[in-house]
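Protein sequence lines, in the order shown, are assigned to chains A and B.
To get the working numbering, take the position in the first sequence, counting from 1, and add 9.
To get the working numbering, take the position in the second sequence, counting from 1, and add 9.
Please note: incorrect hints may appear among the correct ones.
It does not matter which identical chain is used: a pair holds within one copy or between any two.
In silico EDC-like pairs for lysine to aspartate or glutamate, Cα to Cα no more than 16 Å straight-line [stated by the list, open to error]:
| hint | residue 1 | residue 2 |
| --- | --- | --- |
| 1 | LYS11 | ASP106 |
| 2 | LYS11 | GLU91 |
| 3 | LYS99 | GLU124 |
| 4 | LYS24 | ASP106 |
| 5 | LYS196 | GLU220 |
| 6 | LYS265 | GLU135 |
| 7 | LYS80 | GLU59 |
| 8 | LYS99 | GLU59 |
| 9 | LYS196 | GLU219 |
| 10 | LYS255 | ASP233 |
| 11 | LYS89 | ASP125 |
I should point out that these hints are in silico values taken from the structure, not numbers from a laboratory.
2 protein chains.
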Amino acid sequence: MKLCYLDGEFLPFEKAVIPVSDHIIQRGIGVFDLVRTYGRRPMMMTYHLERLSRSASSLGIDEKLGLEAMKSLVRQGIDKMEGDGEVLVKFYITGGDRFVDGCRFPDPRYFVSFEDLVLPDRENYEKGVRLFPLDRARLLPSAKSIDYSAALAKNSVDPGALEVLYCPGGVISEAGHSTFFMVKDGKVITAPDDMVLAGTTRSLIIQILEENDIPLEMRAPSLDEVSSSQEAFISGSVKEIMPVVKIGTQTVGDGKPGPITAKIAELYRQNVPRWLE
Amino acid sequence: MKLCYLDGEFLPFEKAVIPVSDHIIQRGIGVFDLVRTYGRRPMMMTYHLERLSRSASSLGIDEKLGLEAMKSLVRQGIDKMEGDGEVLVKFYITGGDRFVDGCRFPDPRYFVSFEDLVLPDRENYEKGVRLFPLDRARLLPSAKSIDYSAALAKNSVDPGALEVLYCPGGVISEAGHSTFFMVKDGKVITAPDDMVLAGTTRSLIIQILEENDIPLEMRAPSLDEVSSSQEAFISGSVKEIMPVVKIGTQTVGDGKPGPITAKIAELYRQNVPRWLE
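This is chain A alone, in the form it adopts within the complex (with noise of 0.2 Å):
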């Protein structure tokens, strides 16, 4: 069951439609954010609705909704939908028809989709991915645009990677879907804020190693130190915590998932009912 809500009304998914007037189609000006159930309540909602909300300011697109109404939507949603399966929100807010010159997006179009969740194969989580490396950054990091044609177009190159892994200059600051850490000499290396999308899992992630004396060091990794790392691993909301063992050609310690990653995982996942709403 895929349902969509839709300039103010529920409808079927496959029935809801975009002028191509709007300019998330003509110029890319689209941002988004995913909401996750466990237990059919929302995981982290305020947070990843206060993040869309400034990434539609980033790109200059009024958004005027307000925090209280799009939660609404999003609780309405998820009691629509059939069954007691875990439920997946993906929330668009677009550039819409109007552009003033000066420059806003007056008139965003809002359109929230509702969609059964699904996990990722368990043999990633077994065997660790692989994540290709590229020597670019996002041009607006701290926005979740819809732009992710950077994201998917390595998979012309190399389809056996996961994700790509945004390293400009040889720096890594995030991979294409997720955020990216290094486990090294006992300490797990994060990009700082601005370099990268605020992720919501990164944020649960700092507060799970600092409430648990997990050496944590903010700064933006390089390549050169992948030989030399013991660990890494890619964190997102769906996939929570996924060990990485290979970038690129290089391997990641032993190439397979390590005791830190599995440890923050397992708290990660203890403390899940804290952040649900």
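We have chain A; now place chain B onto it with these hints.
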């Protein structure tokens, strides 16, 4: 009047809609190209549509319509436009609904809009324009992707600037919607093919420079050279050749449009008839 071709038929632009499931909406997977007319004849149509096809391919979109069918659509649309004014054609290819891991978009949608051509204000040519430098490069410089989020987001920072100027690491590659040229010590300087979109107007200017013995240097100039440059200009199908008099806070030459820019603009206009189809 504004007309659209979509899914096999011509219809009023306002009636053309695309399902939210299309990857152009979901993940910014879409490419486009512009064709303008002179005397109702399309300018460099073959070049533009071949580039469109390459852009699609670099995003993993399977373009199946082919060049002749695309050309025929452009001609049909121009014929359907009322009056005898000039026409601006925007040809889009979307990622479509289906994504095949590995990774292709096998079912693209095609839509083409036809509208009355609106030229930039005369003042831009008479006084020259200002660009807003950005320490970034487009992620896929060779593709004309729909992603203009960075190019448009600049407006909230500096609405007075006409376009952004991509300057990764202080080196000037291209403008947000145009090719960039600097004139220094009697030479015209522009970034090489692998750093920028292969602009149609850019290639015609290069041809004109060669035919008229105006020296060309194919390298990316640095932002530090702006203060010692005599002139600068940007080029594009619609704007043709437009003088640039300021980049950020730096003034180009004496802050007025210069004679070499004017000469190239004049040569360009004289040569237009050669490139009509």
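How the hints compare with the structure:
For the homomeric pair LYS11 and ASP106, the shortest alpha-carbon distance between copies (14 Å) is at most 16 Å, but the shortest distance inside one copy (26 Å) is not. Taking the shortest alpha-carbon separations for LYS11 and GLU91, only the intra-copy value of 10 Å comes in at or below 16 Å, while the best inter-copy value is 42 Å. In this assembly of identical chains, the alpha carbons of LYS99 and GLU124 lie at most 16 Å apart only when taken from the same copy (9 Å versus 34 Å across copies). In this assembly of identical chains, the alpha carbons of LYS24 and ASP106 lie at most 16 Å apart only when taken from different copies (13 Å versus 20 Å within one copy).
Taking the shortest Cα distances, LYS196 and GLU220 sit within 16 Å of each other inside one copy (14 Å), while across copies they are farther apart (62 Å). In this assembly of identical chains, the alpha carbons of LYS265 and GLU135 lie at most 16 Å apart only when taken from the same copy (9 Å versus 64 Å across copies). In this homomeric assembly, LYS80 and GLU59 come within 16 Å of each other (Cα to Cα) only inside a single copy, at 10 Å, whereas the closest approach across copies is 46 Å. Proximity of LYS99 and GLU59 under a CA criterion of 16 Å is satisfied intra-copy only: 14 Å inside one chain copy versus 35 Å between copies.
Taking the closest pair of Cα atoms, LYS196 and GLU219 come within 16 Å of each other only inside a single copy of the chain (12 Å); across copies the shortest separation is 58 Å, beyond that limit. Taking the closest pair of Cα atoms, LYS255 and ASP233 come within 16 Å of each other only inside a single copy of the chain (13 Å); across copies the shortest separation is 40 Å, beyond that limit. Taking the shortest Cα distances, LYS89 and ASP125 sit within 16 Å of each other inside one copy (12 Å), while across copies they are farther apart (45 Å).
Of the hints listed earlier, there is not a single one the structure fails to meet.
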